[in-house]
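4 protein chains.
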Amino acid sequence: MSYNTFGHMFRVTTWGESHGPAIGCVVDGCPPRLALSEEDIQPFLDKRRPGQSSFTTQRREADQVRICSGVFEGVTTGTPISLIIENTDQRSKDYGEIAQTFRPGHADFAYQAKYGVRDYRGGGRSSARETAMRVAAGAVARRVLGDGVRIRGALVQIGKHAINRSRWDWNEVERNPFFAPDPEIVPVWEEYLGGIRKSGSSVGAVVEVIAEGVPAGLGAPLYSKLDADLAGALMGINAVKAVEIGDGFATAGYEGLENADPMRLQDGEVAFQSNHAGGILGGISTGQPIVARFAVKPTSSMLLPVPSVSLSGEEVQVVTKGRHDPCVGIRAVPVGEAMMACVLADHLLRHRGQMGVM
Amino acid sequence: MSYNTFGHMFRVTTWGESHGPAIGCVVDGCPPRLALSEEDIQPFLDKRRPGQSSFTTQRREADQVRICSGVFEGVTTGTPISLIIENTDQRSKDYGEIAQTFRPGHADFAYQAKYGVRDYRGGGRSSARETAMRVAAGAVARRVLGDGVRIRGALVQIGKHAINRSRWDWNEVERNPFFAPDPEIVPVWEEYLGGIRKSGSSVGAVVEVIAEGVPAGLGAPLYSKLDADLAGALMGINAVKAVEIGDGFATAGYEGLENADPMRLQDGEVAFQSNHAGGILGGISTGQPIVARFAVKPTSSMLLPVPSVSLSGEEVQVVTKGRHDPCVGIRAVPVGEAMMACVLADHLLRHRGQMGVM
Amino acid sequence: MSYNTFGHMFRVTTWGESHGPAIGCVVDGCPPRLALSEEDIQPFLDKRRPGQSSFTTQRREADQVRICSGVFEGVTTGTPISLIIENTDQRSKDYGEIAQTFRPGHADFAYQAKYGVRDYRGGGRSSARETAMRVAAGAVARRVLGDGVRIRGALVQIGKHAINRSRWDWNEVERNPFFAPDPEIVPVWEEYLGGIRKSGSSVGAVVEVIAEGVPAGLGAPLYSKLDADLAGALMGINAVKAVEIGDGFATAGYEGLENADPMRLQDGEVAFQSNHAGGILGGISTGQPIVARFAVKPTSSMLLPVPSVSLSGEEVQVVTKGRHDPCVGIRAVPVGEAMMACVLADHLLRHRGQMGVM
Amino acid sequence: MSYNTFGHMFRVTTWGESHGPAIGCVVDGCPPRLALSEEDIQPFLDKRRPGQSSFTTQRREADQVRICSGVFEGVTTGTPISLIIENTDQRSKDYGEIAQTFRPGHADFAYQAKYGVRDYRGGGRSSARETAMRVAAGAVARRVLGDGVRIRGALVQIGKHAINRSRWDWNEVERNPFFAPDPEIVPVWEEYLGGIRKSGSSVGAVVEVIAEGVPAGLGAPLYSKLDADLAGALMGINAVKAVEIGDGFATAGYEGLENADPMRLQDGEVAFQSNHAGGILGGISTGQPIVARFAVKPTSSMLLPVPSVSLSGEEVQVVTKGRHDPCVGIRAVPVGEAMMACVLADHLLRHRGQMGVM
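Chains as they are written, first to last, in the working numbering: chain A, 1 to 358; chain B, 359 to 716; chain C, 717 to 1074; chain D, 1075 to 1432.
Since the hints were derived computationally from the structure, they do not count as laboratory data. Quantities reported herein were computed from a predicted structural model and do not represent experimental measurements. Incorrect hints may have been included.
To be verified - With a straight-line cut-off of 30 Å between C-alpha atoms, the simulated DSSO-like cross-links for lysine-lysine are:
#1 A:Lys47 with A:Lys321
#2 A:Lys160 with B:Lys556
#3 B:Lys556 with B:Lys518
#4 A:Lys160 with A:Lys198
#5 A:Lys198 with A:Lys47
#6 D:Lys1272 with C:Lys876
Claimed, not checked - Among the chain C residues that face chain D by a calculated CB cut under 8 Å, a handful are:
#7 Ala738
#8 Trp884
#9 Ala932
#10 Gly933
#11 Tyr939
#12 Phe965
By construction, the Cβ of each residue, glycine as well, lies at the ideal position given by its N, Cα and C atoms.
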């Protein structure tokens, strides 16, 4: 069945298609009396907004969010918050052709197999455009988490070109169009991605998201493990094919001492000596930074022809014209941050519900 | 909050601690009139059962499952199926010491931070013992999926030693104590893991699970994406730190043509020319085999000392005596299969609910 | 926590306040390929719309619904259906006074106690205006149920004046402003309610909703019993204080033979000889008409003064000016029908999910 | 679909059939560090236990509850609490006949229509025996609510014989086998019910449950309204056909002033002058006692013959031998209390999750 809601207490339901009149979400369960206005949400949307460099799709959307309920006299009321963004630059003519064919690697075929019908304009519901609403919801989630929790993301790999982690600089992330934390990778990516774009191809990427200031104790032993919920939330972002927490796949190669994060005391508090676990043990936060990484595959929409079949059952070559991201992983950075924020906000409310604290 | 249930229509709730009187689960939403007896479940539990080789924990549990409800005259009735396994070999004396200290890399510290209390005997609720119930539920899920769906898992890496995929042989998986699909890796792992065990250390691993025969159309565009649900389910297995679908992290390094699975026609049916996507596009199954992989970190319980702190706030060195798996990833193979089966059964029921077919 | 969603597979989430810019809902889980347009929804909204007679509030709302997602080329796509109605006649000036006082019998005090803030304009989220979205969702639910299921409601009591059931005429329901099925009660109610309105008072009512053509087998033995879900859904309508199924409270006075509905065979099919059970046994539909009744209390907003207290902690007399329904039970008729439709549609999808039929 | 779970944060899942080996439930989401042992649960089970007077079924069950998980060293751990009761007095021979026929008024026909199979022994899953687990879960819920909340139930009507409310005495409830709060009704009911029992008939009843000390603010404006959740929970008890909150159906006959509960100040606190609302306004508790009432129909199992049909499609007369409650409403009193406790505990946790208080 469709299930366009996530979260248990901080619950987000999204709706809308790429080329419909609007997209939106309903944020339910938000605590009351939090200051909230469009100005708190817009900056995050602006980070994700397309058309800001030659490395993202040229679709021009203002992505102007409007709060339609749940806020009164500048504060949340505890009732559902409806957020809506009008679609303004749809250009449906670009997409007429794909109505009849399936783009390999795209959701086209799977949607048709499931529903027997699909809104093919701009990918319809499967468009990355939907992620704008996740970003909007994430801005509300940050309000719930408060200033003590800081969530930041960065792009750590495009194609075969990974950053050098020893040069990590959070300030750099805001200075380049890639959310790159390594200043020296920027010219490399610029040249590489320029070539990809010109050739009509696309390329994958890896995003890393880190949450600092998360108190120990969020999560649950089983099925609502914090890492399991994060994995589901991040894998649910368009084009994501892999997720890892902390050292992730590298831990498969570790022996016991390489994996264990030793604990010492510092000013009477527990201080971990390393963070291979990525801030989560047994599904519960430890107070260390929560570290997640996810892989974004290359956009399947590209100018290079790929063998495919048509709706009417003929073999064809598919070339996807129109406006597309050569590396959709770039704009996935604010989306990953938002999903992290939503999952943490949900677990914060669930934790204090069961525990009666915080 | 605690949330020991997963699934929407095929719903599994587990309970029990490592050293309590029993562990169990309730499987709710199972269709009626499916033949089911203990004999259908026991073989899967026997695969996961400890103490079968020197490479798994020496705890001896019969893991004899008992169906306590939901089955009448040999068939399911559509009402909740209660499955219970008595704990028989607890030996609580082994664990007295860990009541006072936190094993680095283990859930001890996080549980204490969350709940202010924990059943420290054998890890209590965080013990891998709980996965027996997932395996039991998975056996019921296989009944729901029917014989047309085949779910198999294998161990593809222990520590730095990965299999050679060109030698993949499913029959081999049943012939060695590692669930290894590559006969030539077996002696390598035997020697390596023997050394790990003797040194009192532990090591990580990678498990791969493949489901064949899954019809196209299972899943949903957003939030209940098949891959997102699989990611959550697999990341929720004890000690798992990473999950990938299809080519997973490798897709980050791909350009467009490397990622797209070309489609051709074969006997009038769509035939994919490759399966980089791992059988899922846009969150929905395509009819290709569904391929998932996950990394299991080294057991944190080991004989090597690690710096830690005690409950009373002193710096200590922790050595975990008692019986442990040197490579807990081995027994994670049947658990991964079971989680795949449960997620697919749930999506099958959800799909036919919305679609009214199958 | 707030939880503005109901249903498991056919899921409705509503948002919006009486005097915000708009109200809306998201209908998730709707099967694909059902014909749906605004014209299918509007007639039901028009039945509930205020300002159509002197017996309902004089607020004038066009209640023009707009489908913003989930429908493409005239059919549902299986993705979430967003429905929005703009608020056009808010007149907030009417409500300034109630910001400072609590109307006895109204949600004012409880909201303030819970949230410490409330949108007092027109009752905010607690306004019966929200029920417009239930009616809209109900229209979609009817599409899911198909033409074989007919859901109709009627008003059977206003104040002390009940209808004579022997004169029940469904055609009459559409001919009078009360949804009364008894033509002879109409002048009685006209006179009585005219007096209530002139005196500035209000009055309670009883609504009956009947669903015919519901197949046997919908529902579940426990916790998702069809009657339990109906009770929750109907009790959740504004101002409802009681719900009964079939003969309801009267069954408390019955002896065994008075309660049992005898079964005979007719043309080889089971034919019940009576329907005291209201079409539901053991939480599951029997194929008989499903009969539910609910009591709607008098509107607490009225011109008669009632002792109350103010936000600042003073004793006051509250008189509620502005536009109000003297008998809010009248407009609850289409709302009750809608909730019945939503519950049945949800159970239909759930049933065929578990059973794989229909 | 089956859905044998209720609650969002305080979640109860039950399993088991009347004549299976055992019945049980899993209570998930319970806060940690609450003192809990079997002795806290058993007294409530003993109140519901059959065979204690000639007015309830003669089945003899010890109903000895066993805590199998979630409690360690006398306190809850925050992990799922598994409660199990062995069935000891099944006597399946009593029920052989009903395998082939449908008892009118019983769930037999509906189960068969839904599942195509049913455990007919003692009613299987539809047996009131399942309510023992609700009572057990309710005892845990009381622990969550704490001593400040007092939940008590009473029987206020059997057949046509209602109590005189002016004689209400809570102490009397514990002194007679009916949970009657009116001493003068006891001999009336004794004689009347004795006659019912001898004639092989059965009779309906009304139960009232009152919760005192519930803080203002529990509940939610919509869909998770406290009254809606109570209505669903109480209507979900076996044989219940109607539920009302506060003055319930009587409010349909009220005019505005009769319904409004005036508010005054007393020692600086809001003091309501009456409680027609039953402690709930707008779906949220007001701090007044929460009052709910529900009607229990006569048991359909009785010695008097009723026309029915058989599984093989023949007209028959059904007489139900075996052991049955002549008035199942009596034992519904502790069940009603338990459901009230569970709903309130759930809302308490949800409230403090969203609000971060209490």
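Structure-based check of each hint:
1. A:Lys47 with A:Lys321: Within the cut-off at roughly 25 Å; holds.
2. A:Lys160 with B:Lys556: Violated, because 39 Å separates the two Cα atoms, which is more than 30 Å.
3. B:Lys556 with B:Lys518: 18 Å, holds
4. A:Lys160 with A:Lys198: OK: lysine 160 of chain A and lysine 198 of chain A at ~18 Å, within 30 Å.
5. A:Lys198 with A:Lys47: Holds, because 24 Å separates the two Cα atoms, which is no more than 30 Å.
6. D:Lys1272 with C:Lys876: 39 Å, violated
7. Ala738: For alanine 738 of chain C, the interface hint is violated, since the closest Cβ of chain D sits about 17 Å away, which is over 8 Å.
8. Trp884: This interface hint is violated because 18 Å lies over the 8 Å limit.
9. Ala932: At about 4 Å, which falls below the 8 Å cut-off, the nearest Cβ of chain D leaves the hint on alanine 932 of chain C intact, so it holds.
10. Gly933: 4 Å, holds
11. Tyr939: With a closest approach of 5 Å, the tyrosine 939 of chain C hint holds.
12. Phe965: 4 Å, holds
Hints 2, 6, 7, 8 from the earlier list are contradicted by this structure; the remaining hints agree with it.
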